[in-house]
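Asker: The primary structure of each chain is shown beneath.
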Amino acid sequence: MGIVHGDQMILNIGPQHPSTHGVLRLEVKTDGEIVSEVKPYLGYLHRCFEKHCENVTYEQVVPYTDRCDYLAAMNSNFGYVVAMEELMEIKVPERVDYIRVIMGELNRVASHLLALGVYGLDVGAFTPFLYMLRDRERILDMFEYTCGARLLYNYMWVGGVSHDLPKDFVQICLDFLDYFEPQISEYNELLTYNKIFIERTADVGVLPADVAVSFGVTGPNLRGSGVKWDVRKDEPYSIYDRFDFDVPTGTGEFGTVGDCFDRYWVRMLEVKESVKILRQALKDIPDGDVHQAIPKKIRPPKGSVYRRTESPRGDLGYYIVSDGTPVATRLKMRSPAFTALSVLDEISRGWMISDVIAILGSLDIVLGEIDR
Amino acid sequence: MSKYFTNIYDTVSTLWTGMQITWRHMMNIKRDNVTLQYPEERWPRPERNIGFEHVDYNVIRSRLHVDIDDCIGCKKCERACPVNCIKIDTIKAPNRGEDIPEIKHTGITSNDTSKAMVVSRFTIDMSECCYCNLCTYPCPEDCIFMVGGPNNEKHNIDYEFSEFDRNDLIYQFSKSITPEQKEALQPPKKPEVKA
Amino acid sequence: MTVDLLIDWLNTIGDFPVLAFILAVVISGIPLFLVMALNAMVAVYVERKVSAFMMDRIGPMGQGPGLHAGKWGLLQTVADAVKLLVKEDTVPESSDKVLFKMAPFIIFIGAFMGLAAVPFSQTLQVVDFNVGVFYIIAVGSIGVIGIVMAGWASNNKWSLYGAMRSAAQIISYEIPAGLSIIIPIMMAGTMNLQELIHFQSGSVWGILPNWIIFNNPFSFIAFFIFFISAIAETNRTPFDIPEAESELVAGWMTEYSGFRWAIFFLSEYANMLIVSGLAVAGFLGGWQSPIPGLFDSGAWGLFWFMGKVASLIFIMMWFRWTFPRLRVDQLMHVCWKVFIPIAMLNIFGVGIWKLIFG
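Protein chains in written order, with numbering that gives the first Met the number 0: chain A, 0 to 371; chain B, 0 to 194; chain C, 0 to 357.
Here chain A stands alone, though its shape is the one from the complex (with noise of 0.2 Å):
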């Protein structure tokens, strides 16, 4: 922490803290209010995820990777099979395609609502957090329905699903659809529009397009400093480039380009273009078996490969070395949040204790990504 001056007291904000999303311990040197160094403590969550999978075979690796990004188990889930895919070649059957795209985009809705919600909170609103939950509810009974388990899936196998959907699933969506999208012009009204919420964010921390860059941060927080960059589009995997849909950027609509205001708006434009996405693939969804494609036993061909995907929280990337036996001789996890928490040190200086939290709220970290 370096030298505290006489005025300067240091300030630990968690491991045991209402707004720290999680078990994150943050150093704090303060001068009154005013903070002036933000030292981010990691490990309280650390798992061994990376060890882990060097111990299990590929298949049992899929449970694993839930509990890392546990808010969006769907799009973890998502990454390490098309990694998986790519490393042996197996090419899914399109129905399967169709269905995971669907579940990772509601699972993004579901982890966009609980980000948006629990920054409302972490501002000091109460009721909107409650309304997100309440849709976010939905979304988790319509996995239940599917996969049998609300929170960590183990839905997406190599080469395909668990389950095919269940028979009257389009029909559920889209009637959560039609209930959903008016609700999120009542999310704003309620919460984005409201004065003291646009002055808690506005001009808060902002985190220029070329800082975000330095820092690898990705995802919402690089888009809300202005920067289209999503992997969807970019470097479409699976059936993404089927789909039209936006990338919303940041535009700094009540302050600077890249505050905090635009890392909460870009993600309520992100819940929208998902449902657009939805939209799409619940009408063209094909028929089809969704268990043709799964090997019998997962052997990958020596090699390695590198595959990025759109995690709600940004680039998440599985590097998998494989040496031929069931088991991988290294896994990687590119995590987003590690990234984007690295970044709060930068952005944080010269606000105040509030805006720190609003800061870190803002970034959307889980921490059992950023340990692992």
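It should be emphasised that the hints constitute simulated quantities derived from the structure, not laboratory data. Just so you know, these numbers come straight off a predicted model, no measurement behind them. We put the beta carbon where it would ideally sit given N, CA and C, even for glycine. A hint or two may mislead.
To list a few chain A residues with every Cβ distance to chain B over 12 Å, as calculated [stated by the list, open to error]:
hint, residue
1, D6
2, P17
3, L132
4, G147
5, Y152
6, F179
7, K271
Computed cross-link-like contacts, DSSO-like style, restricted to lysine-lysine with a CA-CA straight-line distance of at most 27 Å [stated by the list, open to error]:
hint, chain 1, residue 1, chain 2, residue 2
8, C, K156, A, K38
9, A, K50, A, K301
10, B, K75, B, K181
11, B, K75, A, K296
12, A, K90, A, K271
13, B, K86, B, K181
14, A, K28, C, K156
15, C, K156, A, K194
16, B, K153, A, K166
17, A, K301, A, K227
18, A, K296, B, K181
19, B, K2, C, K96
20, A, K295, B, K75
21, A, K295, B, K74
22, B, K74, A, K296
23, B, K153, A, K50
Chains B and C: place on chain A using the hints.
Answerer: What follows is chains B and C alone, placed relative to chain A:
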């Protein structure tokens, strides 16, 4: 100066909009209420209408159960488990496919497979289980499954299991077998040959 | 039923002035405490229900007559109170123990003293001062000492932050509140709460009751400034930065538990009652009926007063469960750059209005 007053106007109007929304929700609580009063009310559990008809597939994930009479001791589930919460010990049966009444061992499964192994230990530590469902797919006899849902006729749903002692969460599925009976089942040891 | 009347009556029984004084204080103090406790219990229950309904929940349902029968959780606050009373009383090892134990009582004394001057009805008021308004504003600041004491004595950084924020906030917001409550005093020409309420009898333009809030546009604005400043003084959302749960864990109350925490809680709700009572007495006609001349006497006074206070407390809850929280500097901005200039202009405007129309 005009910005000062627009600011005040914006604040008042946006706050008023928010207050209208919460007021509407409060007035329509009968319609909007989403709370489920848990012990009295429960969600309907997902049924088996998932389109994909296959006996191996369970949609609900509540608790693992083993029909031990059908278990042939192949240990496929043990190997599939990513967290090693299933522990199986087997002893080679004296005669393949024959009942051993002393330890209530049945020789033939319901799928007419004759068992070559006596399962002397089959424990699942539900406090370690990660509910990934991976163990249920490789089972050749469909004897390990998540209870409830499609398997309702085999075992009723049970997701409210809590214990005061952590050891009580280790479920023992194999028939009780005393060390003497175990000893009797072991093949006689070969006399050690001195090198 | 003022304490003076009680002393006079006790003096007629026998000649023991000191004992009569003590007896009178105790006799009028106990109901006051009961009002405080009952207010907190009802308000907590209502707050939980209101917040739940606003969030599409139904709030506490279990503890009711016939446990777990689901009679709307009517006994929830009783259960809460019992829980708080039997909880272990923890005092941190490195705290300043004397100050730590004293702080809740100082806050309680501040709230209790304020409650003594609230005019519940024509006759129901413990002390009928000639400077009632001034007195309530003055004893309202006693609580700050308790808060700063609690924050300092806890020897906890969160508590210290909460206490410093709270002190800054309460002291600042007393200024717009005081400047706004001057307007009823200017118009009625008295600081006595009963006389202030009597001034508001009758009706204007035949329809509206002659309450000060409806008297002129300046007093209309003054009411809102006073009310919002009062919310800030009671540390409630959107001005709850001293106990901002997402930033400061629980602010100056972080280290408190059990009975001492319950006293903080009691005082918070009593403070809500006091500031709402002052707003009602100063701007909304006190115990006067909203329909001039109808249901205007006796126990109806108490009913109208409590009804108005309850609706103001409801608005406070409504605010709390709708708005995000302000930041410290924004809070000061609102106070010094918005409320105080407008309140000053209001005083000027009311003066002119009184010259022309009064």
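Asker: Each of the hints needs a verdict: does it hold here or not?
Answerer: We went through each hint and held it up to the structure:
1. D6: Since the minimum Cβ distance to chain B is about 33 Å, D6(A) lies beyond 12 Å and the statement holds.
2. P17: At about 22 Å from chain B, P17(A) clears the 12 Å cut-off, so the statement holds.
3. L132: violated (10 Å)
4. G147: violated (4 Å)
5. Y152: Incorrect as stated: the minimum Cβ-Cβ distance to chain B is 9 Å, not above 12 Å.
6. F179: Check passes; 14 Å lies beyond 12 Å.
7. K271: holds (19 Å)
8. K156(C) with K38(A): holds (18 Å)
9. K50(A) with K301(A): Roughly 19 Å between the alpha carbons, so the hint for K50(A) and K301(A) holds.
10. K75(B) with K181(B): Measuring from Cα to Cα gives roughly 23 Å; hence the hint holds.
11. K75(B) with K296(A): This hinted pair holds, its Cα atoms lying about 13 Å apart.
12. K90(A) with K271(A): violated (30 Å)
13. K86(B) with K181(B): holds (17 Å)
14. K28(A) with K156(C): holds (12 Å)
15. K156(C) with K194(A): The given pair, whose Cα atoms are some 30 Å apart, is violated under the 27 Å limit.
16. K153(B) with K166(A): It holds: about 24 Å lies between the C-alpha atoms, which stays within 27 Å.
17. K301(A) with K227(A): violated (36 Å)
18. K296(A) with K181(B): violated (35 Å)
19. K2(B) with K96(C): Outside the cut-off at roughly 51 Å; violated.
20. K295(A) with K75(B): Between K295(A) and K75(B) the Cα gap is close to 14 Å, so the pair holds against 27 Å.
21. K295(A) with K74(B): holds (17 Å)
22. K74(B) with K296(A): holds (17 Å)
23. K153(B) with K50(A): Distance of about 38 Å is beyond 27 Å: violated.
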